[in-house]
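I would like the entire structure built from these sequences, with the hints used as guidance.
Okay, here's what each chain looks like letter by letter:
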Amino acid sequence: MKSLLPQFLLSVPVLLAAACNVFGQDVPLSSETEECLGCHRELHPGLVASWEKSRHSRTTPAAALLKEPLDRRVSSDSISQTLRETVVGCYECHSLRPEQHTDSFDHNGYRINVVVSPDDCATCHSTETAQYGKNIMSHAYANLVDNSLYRDMMGAVNNNYHRSGNDLVKGDTDSRTEYESCLYCHGTRVEVKGLEARETDFGELEFPVLEGWPNQGVGRLNPDGSRGACTSCHSRHDFSIEMARQPYTCSECHKGPDVPAYKVYEVSKHGNIFNSAGKDFNLDNVPWTIGRDFTAPTCAACHASLLASPDRTVVAERTHQFNDRLAWRLFGVPYAHPHPVHADLKKVKNTLNLPLAVEMDGTPVAAYVIDKKEQQARNKRMQAVCASCHSTDWVVEHFHRLDNTIARTNALTHEATKIMMDIWESGYARGLPQGDNIFDEESERIWTSIWLFYANSTRFTSAMAGGGDYGVFADGRFQTTEQVYRLNDYLQLHRQLDAKAP
Amino acid sequence: MKSLLPQFLLSVPVLLAAACNVFGQDVPLSSETEECLGCHRELHPGLVASWEKSRHSRTTPAAALLKEPLDRRVSSDSISQTLRETVVGCYECHSLRPEQHTDSFDHNGYRINVVVSPDDCATCHSTETAQYGKNIMSHAYANLVDNSLYRDMMGAVNNNYHRSGNDLVKGDTDSRTEYESCLYCHGTRVEVKGLEARETDFGELEFPVLEGWPNQGVGRLNPDGSRGACTSCHSRHDFSIEMARQPYTCSECHKGPDVPAYKVYEVSKHGNIFNSAGKDFNLDNVPWTIGRDFTAPTCAACHASLLASPDRTVVAERTHQFNDRLAWRLFGVPYAHPHPVHADLKKVKNTLNLPLAVEMDGTPVAAYVIDKKEQQARNKRMQAVCASCHSTDWVVEHFHRLDNTIARTNALTHEATKIMMDIWESGYARGLPQGDNIFDEESERIWTSIWLFYANSTRFTSAMAGGGDYGVFADGRFQTTEQVYRLNDYLQLHRQLDAKAP
Amino acid sequence: MKSLLPQFLLSVPVLLAAACNVFGQDVPLSSETEECLGCHRELHPGLVASWEKSRHSRTTPAAALLKEPLDRRVSSDSISQTLRETVVGCYECHSLRPEQHTDSFDHNGYRINVVVSPDDCATCHSTETAQYGKNIMSHAYANLVDNSLYRDMMGAVNNNYHRSGNDLVKGDTDSRTEYESCLYCHGTRVEVKGLEARETDFGELEFPVLEGWPNQGVGRLNPDGSRGACTSCHSRHDFSIEMARQPYTCSECHKGPDVPAYKVYEVSKHGNIFNSAGKDFNLDNVPWTIGRDFTAPTCAACHASLLASPDRTVVAERTHQFNDRLAWRLFGVPYAHPHPVHADLKKVKNTLNLPLAVEMDGTPVAAYVIDKKEQQARNKRMQAVCASCHSTDWVVEHFHRLDNTIARTNALTHEATKIMMDIWESGYARGLPQGDNIFDEESERIWTSIWLFYANSTRFTSAMAGGGDYGVFADGRFQTTEQVYRLNDYLQLHRQLDAKAP
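Residue numbers (the numbering used here), protein chains in the order written: chain A, 1 to 502; chain B, 1 to 502; chain C, 1 to 502.
Hints should not be assumed to be uniformly reliable.
No copy is singled out in the list; a pair is fine if it fits within one copy or between any two copies.
[Stated by the list, open to error] Calculated cross-link-like contacts (lysine-lysine; reagent style DSS-like; alpha-carbon spacing at most 27 Å):
# : residue 1 : residue 2
1 : K269      : K279
2 : K134      : K269
3 : K193      : K380
None of these hints come from the bench; they were simulated from the model.
Please read all numbers here as calculations on a predicted model, not as lab measurements.
Structure representation (structure tokens):
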């Protein structure tokens, strides 16, 4: 953040002059972007100010490519001559590939795209875009809405209800609700529904009407057919590496009881050090230098960033396939299992024909998950990060504990699932045997909370080597076992009731 | 915060000299305040140091009034000559309007008030005091304790219990418990109960005995008859605009599951940017300049502050009536509804004669809530803030989503209320039909959690355009529907039990 | 943090040169430590960088002892000549007292201990080590695992389960699970299990195999027989006083629903001020000067630090017996009670022969808890801290409210316990009367949540004079009473069921 300070103190008009001449270097703005700024600085001063604080406003791709490979923030060698010599402004991003962009529209004489997509960013950041395509996040939309079981959960959670006799009957899906609940993080399908005229400060203008917009979800389906939103983590319009490295960014989607990574981090030793000393970290440097730039990892350090030691030895390669250093998918449905082979999960099926990578007893379906060898390779990459600060015995035992916790939380989930099966088979709830939604009754929610919240929280705590209470009293083992008792009590109570004379 | 830095490094004695001569200007202390400081600096070094860091210790009202209207922090033109020419010290605030102050007492030859009230602050900040009087917060005390339904909830939550046969019998109200539970935020009634002598470092002295003190709640009833405590947000004794603009200030009362504004903010994109980049924001500037001073809103930006664009165009006026930009009261009891017309809710009644601004089916009581036109006017003021960074289609669709979520959460609350009515009518709990407390049985708490916690959390998430999980798995739609199942199960179980032979 | 800044910007090699010559002074490194750094800087760059940022890397004990007593950070007068004249490096700590250290091993020609213990730190910090030994935390391991009731809870929470007919049968204890759940905070027993050879970058080397390692819990049993881990709060390898004074450090173990100190702090006025203004606090100064260094307390200010006023009057002595200023043990099992007399609780027994310092009706067992006089002495020490910023009437009434809340939450716990007794005696659960585990059934967990979570949360909110909602809607009185209703409903439902014809 330090480096932003002097510029931050400049007034905006001065800053813009600076944008053309920063530190004695000529940093040219395209005439198109200059024209954009002419109106939009007045209309959206906050938006423009964010961009003015960005690296994009101060650097040309040509200058970015002059850096040593290890220090480089762009990965495409073939940036066009036109784009190379100006800073990365409004027009440079919002005008790319108009023939792919169904959201392209005529705006004061220019073809402008509303939505800038990962395939646009690939112009300069091709490696990151390609990696992200192998990230399970890039498929977060279809992996959710095209999975019949998850679709059932979405319905049970998001739809309206009305009473009919003793029953609660689910109403229809409501897209606006879905956009701001599940799809807020997973991403929406953004579709062009036509054009509409709007009165503006500059007269009547036409704009595309977009369904599913606004949205910044990680698996957004964009109007150019691409997947994802780089802005999920690199917030508009400063697109900063610093912000993406802050744990707050990940917390937007990873704080709930299902994936409590941020909550666990906050009370882990790593989070304690970050919270206590992080204001003096350099979160902007490339490569990110262990010890010199930071002394405790954030999410990005373990899962994404290019890390080097002070002597410029690479400790971990940059990756936007965030499971690259992850052997396990902790967030199991309903069991933790080895990471899926492919980011696109549409083919995944278990022997009950359910769209899950595990059987109902917890056995992974081998065809869809990575094998032991690949798990070891991923662990090895992660362990190289750990070893920057920890001795071998720490690291080895840490991974033993995690494996143990995965096995034990899965075993308890299995016991709970057997109770749930009995409840279904006794007809105290309608679920798998009846071909019914398995998420819309009280007992089903008790069962769901066991694996979706408490077993997951316990595993995240184990995996992040800290945040003790999230594995005990705060959505941890205490709550897991409590819900198992409650589920069993539910079954026993209804059996007892059945046994009574009518 | 930056501006505090140099002064912060000065030792306290040097600072005090500086208080009389800051940046070459003569900044005089009144002789009375000098006398106060003589003892209290030794007695309460922390308290005095906070004041020494304040703007009050460095500025005279006369100097404050010299600023351009847009840059001004005081709003009263008629500050008395006596007060104008010294900095705002102990005596300047603690000696005002003694005839109104029942807490005024003789202290070493001066008349001193213990409690400084909004009506005292109005000496320099009259507009803010007047606005705050129209803020529903200023009536938070009576709106709570004089509402018979809320009073029932307070009793069910705060009172002691003892068992009598199979029943739990509520004991008496305990004022100390109320002072630190509900009234901690809502404010207490502070009353003078006499004088008592106390042995001090400076001999025996007499002090007023105050019931309901200490307290800094937003609707405090003060010994001078005024309402509120500016110190709720502008903490003693630095009374800083910076602190009031920090979201942490609002989080003191707006983090619980009933009004989870801060929790939602934290994991919204706005909160992410604030947490990641906020340490470089200028939170002290007046007017608060979008883009230059900050690039993501805090609570104050949307709800209170005077905002300007870098060219000094006013984007939003300062207001201390915080619903000035709010069309809806999201925190519905038990349904979200348009904001009440008046801050004082004592006349509010629905057709069942319940002290609520809605009927039990969710219809607002027109006489007590603002109309569509006023809702639109408030939305328009808010949208001017949004538009500083967001395009029209974002803003418009955001408000559509919010309206939709209000309608849908209200509809689900209505279904739950119908189940609750059946439970009451079947006698499985005693409530409205029996004229009984509706918050003191298990099924009533299930019902209450639906609208008080989970529907509210879902609405706050919608309203703040982020914090996805607080609308899904973290006190959101997942928990709302879960509690609806649970409530219905409660009813069905007891019906089933009734049907069994005795 | 400010003081770290210049050094932070230096590259590591330059910094090391500086380590020998800081600010023109000769700061010598021992030749042994120089040899350690030779390999370990390359192996563990993050670990070494933390140490390089520490005071240990820049100061010799001799220099530390030159300071005025009030400014001193070391408390041992008798530091050996060998240790006095070099900075405190790897070898200085990891080579102490090898005859006590069962984890001592031969490493490249040196005897090295893996685990540095409080008794090693006592070399320079003897007073702190002695105080910590009287801190209940130092006995957190045995106080937990040797208490038969707590052991039952650990089993019910951590062990595996399998179904047997209608019952859930607890499986065996699993040490890896315990290490990362309860013992993560309480500390493990670290034992040497032999030596193993490992292939390293520097050839094959032998290392001790440690059971219960890694761990940084507060009551860790170390291989040298000592108790505790200074690194719980003074994180490796910068061992900073600043970090220990940050509330984030305490939050690692004190954020769960059982001991929600950090959550309460965060939304208290103190926490608000810290969060808003704390980045300008000087958290490193000794003595910690009220007003000048900080204007709101962190955990350390009230419970541990040496505090002085700007004129160097001591306001509170440094203590590592953190209950030194605490009259009550709020975290009651199952009732809050006066603090235990001894840190080691192994002798504690009530008249039912249960290992608790209270009877089942809440009466403290006089023999094991401090008396009123000692409570008053502790309150007086705490009140001296409060009085730095608050007037007498505030402070006095604050402690009245706390006493009241302790009495009332205990009374409600007593009512709940009577319901639980009825459930046991009716055979709807198996517990005390049956000599059975009292934590492994649904009704028992309802009862447990009342005193373990909600009564505790209510008391912490009271004790910390803020965080209102943690005493009301967020794990507070609302939830306490809700669980009492639920427990009573459980009893009534089963009685009703019993009364039905079979």
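These are the hints, each one checked on the structure:
1. K269 x K279: For K269 and K279, both the intra-copy (16 Å) and inter-copy (20 Å) Cα distances are at most 27 Å.
2. K134 x K269: between (31 Å within a copy, 25 Å between copies)
3. K193 x K380: This pair counts as between: shortest inter-copy Cα distance 26 Å, intra-copy 48 Å.
Checked against the numbered hints given earlier, this structure breaks none of them.
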